[in-house]
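Colleague: One-letter residues, chain by chain:
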Amino acid sequence: MAKKKTTLSVALQKKIYGLMVKSRVLEERLIKMNKSGQGFFWIGGPGEEAFNVPLGLLIKKGEGLDYDFLHFHYRQSATLLTMGVEMIDVIRQMHNTATDPYSKGRNFVNHYAIKEWNVVNVTTPIEVQYALCIGTGVAQARHKGKGITIVTGGDAGTAEGEFQSCLLWASRKGKELPILIIVTNNRWGISTSQNEVHPKTNIAARGAAFGIKSAIVNGNDPFESYAVLKNAIDIVRKERKPFLIEAMVSRLYGHSSASGSNWVHGETDCISELETCLKKKKILSEENIKKIRQGYEDEAKQALQQVLQEPKPDPYSIFDHVFVDRKDSELLWPRWLKQ
Amino acid sequence: MAKKKTTLSVALQKKIYGLMVKSRVLEERLIKMNKSGQGFFWIGGPGEEAFNVPLGLLIKKGEGLDYDFLHFHYRQSATLLTMGVEMIDVIRQMHNTATDPYSKGRNFVNHYAIKEWNVVNVTTPIEVQYALCIGTGVAQARHKGKGITIVTGGDAGTAEGEFQSCLLWASRKGKELPILIIVTNNRWGISTSQNEVHPKTNIAARGAAFGIKSAIVNGNDPFESYAVLKNAIDIVRKERKPFLIEAMVSRLYGHSSASGSNWVHGETDCISELETCLKKKKILSEENIKKIRQGYEDEAKQALQQVLQEPKPDPYSIFDHVFVDRKDSELLWPRWLKQ
Amino acid sequence: MATMAQAIRLALHYGEENLGVKDIFGEDVGPPLGGVFTCTQGLKNAWNSPLDERGIIGCAIGLALSGCKPVAEIQFSDYIYNTIDLLKYAGNTLWRSNGIWPVPMVVMTPVGAGIHGSIYHSHSFESIMTHIQGWKIVIPSNALDAYGLMLSAIKDPNPVMYLIPKALLRSQGEEKIPGEPENPKELSKMIDAPLGDRSKWKPNWPDMQPLSIPLGKARIGMEGNQVTVISYGRMFPLSLEAARAVAEEGISCDVIDLRTLYPYDVEAIFNSVKKTGRVVVVNEDTELTNYGEHILRRITEDCFYHLEAPPLLVAGANVPGVALAETLEQATVPQVSYIVDALRNIA
Amino acid sequence: MATMAQAIRLALHYGEENLGVKDIFGEDVGPPLGGVFTCTQGLKNAWNSPLDERGIIGCAIGLALSGCKPVAEIQFSDYIYNTIDLLKYAGNTLWRSNGIWPVPMVVMTPVGAGIHGSIYHSHSFESIMTHIQGWKIVIPSNALDAYGLMLSAIKDPNPVMYLIPKALLRSQGEEKIPGEPENPKELSKMIDAPLGDRSKWKPNWPDMQPLSIPLGKARIGMEGNQVTVISYGRMFPLSLEAARAVAEEGISCDVIDLRTLYPYDVEAIFNSVKKTGRVVVVNEDTELTNYGEHILRRITEDCFYHLEAPPLLVAGANVPGVALAETLEQATVPQVSYIVDALRNIA
Ligand SMILES: Cc1ncc(C[n+]2csc(CCOP(=O)(O)OP(=O)(O)O)c2C)c(N)n1
Ligand SMILES: Cc1ncc(C[n+]2csc(CCOP(=O)(O)OP(=O)(O)O)c2C)c(N)n1
Ligand SMILES: [Mg+2]
Ligand SMILES: [Mg+2]
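Residue numbers (my numbering), protein chains in the order written: chain H, 1 to 339; chain L, 1001 to 1339; chain C, 2001 to 2347; chain Y, 3001 to 3347.
Everything labelled a hint here was simulated from the structure, so no lab data went into it.
Fair warning: there could be bad hints in the mix.
As the list claims (entries may be wrong) - Computed list of lysine to any residue pairs in SDA-like fashion (alpha-carbon distance at most 20 Å, straight line):
hint	chain 1	residue 1	chain 2	residue 2
1	L	Lys1146	Y	Gly3067
2	H	Lys312	Y	His3116
3	Y	Lys3275	C	Pro2310
4	H	Lys175	L	Ser1193
5	H	Lys61	C	Trp2101
6	L	Lys1175	H	Ser193
7	Y	Lys3217	L	Glu1330
8	H	Lys173	L	Ala1204
Given these sequences and hints, build the entire structure.
Modeller: Here it is, written out as structure tokens:
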């Protein structure tokens, strides 16, 4: 990567780097929280920053059909931070406080839900997002604006039938849908290596069977990722047709806290690669690098201090938002929750 | 077709023709039964005989892993008759008598289940057979005999996720399964034309995405079908790897009795085409043709006469075979069935 | 009067004209067929989906999230079972996001036996469906309710499951739907597609009017004071018939049509049981972990000291399906005579 | 004594050595992990499937049809809901073919809350599962039963659903499993995989012995005569704890562990209720159309005149999931104190 030229401005290169670090620092803080008992479970995206930050930069952010609809999986923190999510809110979800803006203490960390940015609930069940995205795609195809649908998921998950549903519905002759279909391929599903359970063909090849254009990208290279994403997004936005990207990425802390969340040796670290590159290009010095990281670490630490003071959700709140009108959920009420 | 040469012996050509007619005559009898109130529902395979008879001839018939495991859909009568099913048994299922050997009056016609020939229950839910066939494929891959798994289904059904499951599991690197994956493409799913809901690519192309060899065949031509099937089956049997066949066929009486089961004009009729061909080749005369058809019509009529005398299943029998041991189903028993 | 199939079609027409419904879709829902039971014939926004139930429900959720009000059909409830995870997902999306993402969608699907549908066209679905949280669930027993409940389902901001008792689709309603012409033949001429080529046919819609049947309100089909009969869907007219039969023997029944299975009308149920002290719940779903058992549990819990006899469930036999032969179907799902027996027993 | 996870592993080992099990498979079931809860570690016939639950169940059915005895795992029951159609299919195959095609297979899947699993690692599955015909359904509450029930499940010629109360997997049994070494540390050294590189590790299996726990037989965990408590799985030890607590106040309970949910031990249930006249059913599945309501319906139907107080259900709150925060989880699924309250109330 270091050798490749990029057409991105120096400012943008720096911005990308900063956001990658911010997101790594946050994830490492979340891992620490889990290890010290400040959060029950961790899952997240360290190793995908070089792909996810450019994605966040290229999204048409806003609410409603004129903006991009986002069906994300649980490794997307770098995209969300790039879009403007605050560290503290992620930490709130990690600590399942009442202040968690995405699920009020109900869901695991990195499970975002943001209406103003069309961020549909991040899913825990693998691959259902590939079925849901059909619907926002249909709505956007009819709306004929510039908004597109973007869906992400892992390599192992493509074995689920919804992946085919997405390819098929998106490629119906004359009814094509404006969906950018992304698969981040880290070559693992928990402990199962891709080699063991997948065919010898790559995932991008699945697009061809449906007449869908596709690309494979080195997701550890932020500049290549930016270029490939930009091209694909432009095509989807303009042609109103699907595009499939397979991004080769790393899984730097293993699957999740359930598998120990320890640093995995031998995987490419996109951040240290980028540092080498930017240092070589004299865009950043060792000192800059330290300062940037330190700044985010301070931010994360302060946020954590605040979150630890915040209240846990009220037991009665389990009946909130079962239905739009709470009355509808009060037909049954467990004996132990006296009203 | 008429012009193409075939290497099949005259005897075999005649045999194929006879079986095609037999199965057409049976299906037409079933349709009449439905129209005259002798059966509640009809669904079957008129229009697929030219493909299904050769398939029946090429199957390694028997029980257990050394023989072919058959996961069929509801248009397979010609294959089953070729294998040796008696007309009368099909008529029994149509009339839901207690003598119906496949389901004892429980299921629709053309829903076979024959243990001695590895004919797994024909399915009503579309496409589940493509999930089940993985299992017999795994067993046969391990067994390392000559038996293979054969699965059939329609074009519209390939939109279900199980189709992808089948392709993926069958093509796992180093764990390939000996499955002949057949799709009979009649360009319709009930009233929905393939054009309306499918991509512009053909179904055979889906194999390539998984590294699976495939072929498209004119399923109205019995000789081409025989050749393509023989080649594919040989490959699967020997290489113990999957093969995908897309067979272009006709739907001569529409979807089922629910859509009227009337003759559809404009579809190719494989039987009249074959008659023209065999007459031109002087293999059959008009008289032969009449006689063959008459023979099967008599057989069907006689069978029907007998079936109409046979008893309906006993109400209490609903509790038979819920479990292997009937005792297990007697824990609950509706008040109105006094024991 | 309109048949139930026509009533549903008229309601969907009202929905696309007045309630913002832009997508009515599913397998064979669009032209030329307009649904295997004609419920979607002639609707301007009806379209055919691929044969992919998971895609259908996924698409509906996505449409709902994007602000549309989709009505998706699963051709038979027998084929909805590969989508339960997605139905659960639709039902927990608002809750998972703590109120951020509502999912206003309607799924409709035919249920129950009675058309010689054999194993895979006779399934009931209410027991599993009521165990899925976050959904409202309705099931009409006549054309007028079918119309009114569909309008309420479309207007509701939550996911709503609209179960269609398929054996009643051709039965004509006794009451006129607001807006339908006096003469049912006239209605048929206006909105039923012709046989044969339909490519140039267009329906001539009557000017349909709103009708409010609030979700969660039962209907008392017959009043009495000795036995409470609670039913819905196809079993409701059978229950009514049974109650009329025993009325001649001097057994007086309250016959309740739940109409909405969740939220159900707990007031109507408890009031009646407190009055009669005897209760029979009738449905055709299989009897093990059956929705009717929930209703009975609520009753035994809250009205125990009013009960004068063991409450009864008349439901489908616990076998894997409704078989094709008539002898078998009748042994499997409740018939009028079985309900009559239960009423005699308990009274 | 062995933990429940070890007990399951030992039973599967017994199964592959003695009962013809050739396939133990599912997501992450094979090496290196041996299952997210280590239940399949070191087993010679354990293998990793693609991430495709529908493929897993389909494959298991096919293996069963071909004469094998597969044990398939769905990693969490939370992810089994896209396979309900296939589970139904497995359960109706013998019946559809009028006895021709048996489907001898075992599916195992972890259920229930108690590990801070949040919405998608806390689901209960028994209510929907018991509504699926043609399956036997078991759920152990301790290591010994886990072992014996697994052997019976494998031997059974029908499809068997083996529900694993995940929060109990690490709990050590009180009784020794036939064949396990005296010392649990010894057992661990023999069969637990080391941390780090496992590529060269091989388990050293103890010589396991058969154990018969017939399907359909409940176990009485504690005998009493005032209240019948019916429970299973994770809720059984909590129920026992609650019963012990109220025993000190003079409330004497029969505490029944069903162990098999279908076919359930109707004799044990009715005998106890006829003795006590009071019954509390405890489970953690959501309360609307809940399996416990079936048990209560059978009891009210057949033991009505023995009942001295309204029977009670203590079950999960009717919300879309078990939330992550401890305050929320505790409000959602039964805690010992809630069971104690119910026992005091009814006694
Ligand atoms: C439907 C479903 N099945 C199983 C799981 C359990 N699970 C969580 S993550 C995971 C592996 C996912 O692998 P992949 O799709 O490659 O994504 P990655 O985690 O590698 O980014 C599994 C099996 C799940 N969450 N959902
Ligand atoms: C899972 C499922 N969904 C829907 C149906 C209803 N149905 C029966 S046949 C059919 C069309 C099948 O089309 P295709 O797969 O092309 O087979 P063909 O009938 O044309 O041979 C449909 C939708 C079904 N049987 N199963
Ligand atoms: Mg992966
Ligand atoms: Mg077709």
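Colleague: Quick one, are Lys175(H) and Ser1193(L) close enough, alpha carbons at most 20 Å?
Modeller: Distance ~14 Å between Lys175(H) and Ser1193(L) Cα, so the pair holds.
Colleague: Given the proposed pairing of Lys1146(L) with Gly3067(Y), does the C-alpha separation stay at or below 20 Å?
Modeller: Satisfied, since the Cα-Cα distance of roughly 17 Å is no more than 20 Å.
Colleague: Against the 20 Å threshold, does the CA-CA distance of Lys173(H) and Ala1204(L) hold or violate the hint?
Modeller: holds, 17 Å
Colleague: Mind checking the alpha carbons of Lys61(H) and Trp2101(C) for me, to see if they're no more than 20 Å apart?
Modeller: holds, 17 Å
Colleague: Starting from Lys3275(Y), check that the Cα of Pro2310(C) is at most 20 Å away, please.
Modeller: Roughly 18 Å between the alpha carbons, so the hint for Lys3275(Y) and Pro2310(C) holds.
Colleague: Given the proposed pairing of Lys312(H) with His3116(Y), does the C-alpha separation stay at or below 20 Å?
Modeller: holds, 15 Å
Colleague: Given the hinted pair Lys3217(Y) and Glu1330(L), is their alpha-carbon gap at most 20 Å?
Modeller: Measuring from Cα to Cα gives roughly 15 Å; hence the hint holds.
Colleague: Between the alpha carbons of Lys1175(L) and Ser193(H), is the straight-line distance 20 Å or under?
Modeller: The hint holds at about 14 Å.
Taken one by one, the earlier hints all hold for this structure without exception.
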